[in-house]
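As you go down the protein sequences, you meet chains H and V in turn.
The working numbering puts the first residue of the first sequence at 1, with every later residue one more than the last.
The working numbering puts the first residue of the second sequence at 1, with every later residue one more than the last.
Bear in mind the hints are in silico, worked out from the structure with no lab data behind them.
One should not assume that every hint holds.
With the C-beta cut set under 10 Å, the calculated list includes, among others, these residues of chain H facing chain V [claimed, not checked]:
no.	residue
1	Ala40
2	Cys91
3	Glu126
4	Ser139
5	Lys146
6	Ala193
Given the structure is predicted, the values throughout are model-derived calculations rather than measurements.
Cβ coordinates follow ideal geometry from the N, Cα and C atoms, glycine included.
There are 2 protein chains.
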Amino acid sequence: MKIQVVTDILAANDRIAEENRRLFAAKRVYVINLMSSPGAGKTSLVEKTILALRDRFRIGVVEGDIQSTADAERVAALDTPVVQINTGGGCHLDANMVREALPGLDLDSLNLLIVENVGNLVCPAEFQVGEDAKVMILSTPEGADKPLKYPLIFTESQVMLLNKIDLLPHLDFDLEKARRASLALNPSLEIFAVSCRTGEGLSAWFDWLAGRVSAVREGKGR
Amino acid sequence: MKIQVVTDILAANDRIAEENRRLFAAKRVYVINLMSSPGAGKTSLVEKTILALRDRFRIGVVEGDIQSTADAERVAALDTPVVQINTGGGCHLDANMVREALPGLDLDSLNLLIVENVGNLVCPAEFQVGEDAKVMILSTPEGADKPLKYPLIFTESQVMLLNKIDLLPHLDFDLEKARRASLALNPSLEIFAVSCRTGEGLSAWFDWLAGRVSAVREGKGR
């Protein structure tokens, strides 16, 4: 009999993710798993999204970081319920970490849960946490060759935000090349070109997300 | 008897890294392990370093990527010996991957070997590959809070290049804050503020590296 290790880890994770997913469905909470390289703008997007949608929806956040509570403090400053997960070296969140964080949030009072993953374009894409949608950020300074080099996160995501478009005049970044390469990997990927700094393009993202959160809140499925 | 897994993986890696290190020492090749987030400028730095130092030293490159040969092609275009490692999903290089790549290079003809790791600010820092120095890049668009959130790579590195300083006028990046936070984790960290795009600041890095490569070539130790 062969000893299977990697398969079992992922299968065990998927079972817990499915339990999380059933819990979120029962509570009518829409959940996104937000992923990107370090410094692409995840926490800035969380802040902007909270400010744009908190009048319509009740929002909670799980912050994943190797250490520190810096990001959770930014969210808490917006009077938003937040739980910080410190992975202690771990390079991604998994379903069990998110499950362990849930008692810190009142799911009955939430419509939207944002799980901000560890900054890493590789490992987080392998581990579902029970989310309805994986949302990734690619920031323009990272370059348009990233789909070619880190394909899994592009194929796993439902949404990609191309952030920091305010820097385009100062970069060699080819927006259309990045868009084409991403769609070649994942033809159904929703792409929003945005700047969290200037606010440009964010309203389309807010509309997309609000549509999903509303549908789940009203029990119209996911 | 307890089953030890993680410890054994790292210990086994360290043993192979030590073998690599002995081989590099016998061949008088100075080796750097170049690490950063995706898109921080590793391959651009490799290109600039080759162009600056190839008249003085014989340089070889090992390119680590999850897939594709895009970076190796950029290096090969500079008539520089290069071997591409594709990790097939793996988020970092380890000592054995580098050992397996070495038959593709003629170490007897090299003075400097640059190992460009997978773009990831987390996992590569845990795995030595036999290098003389870990060199990391932090790019200004990533933000000055990275030392706080991804500390291991800052403590493990001997050199940090703060890249993309040409973008400083367009960012909120606080260079002194990044410098202080990095030195708080690692007081002996050598820091060079550079722009691979404009060339600003690179000569100090070239000088630092040339000094190390010369010393090893002349048998004056590492």
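So, going through the hints one by one against the coordinates:
For the restraint placing Ala40 (chain H) at the interface with chain V, the shortest Cβ-Cβ distance is roughly 8 Å, inside the 10 Å limit, so the hint holds. With its C-beta approaching chain V no nearer than about 4 Å, Cys91 (chain H) sits inside the 10 Å limit, and its interface hint holds. Satisfaction of the interface hint for Glu126 (chain H) is found here, the shortest Cβ-Cβ separation to chain V being roughly 8 Å, below the 10 Å cut-off. Nearest Cβ of chain V to the Cβ of Ser139 (chain H): about 6 Å, under the 10 Å cut. The hint holds.
The restraint placing Lys146 (chain H) at the interface with chain V holds, with a minimum CB-CB distance near 6 Å, inside the 10 Å limit. With its C-beta approaching chain V no nearer than about 16 Å, Ala193 (chain H) sits outside the 10 Å limit, and its interface hint is violated.
Checked against the numbered hints given earlier, this structure breaks only hint 6.
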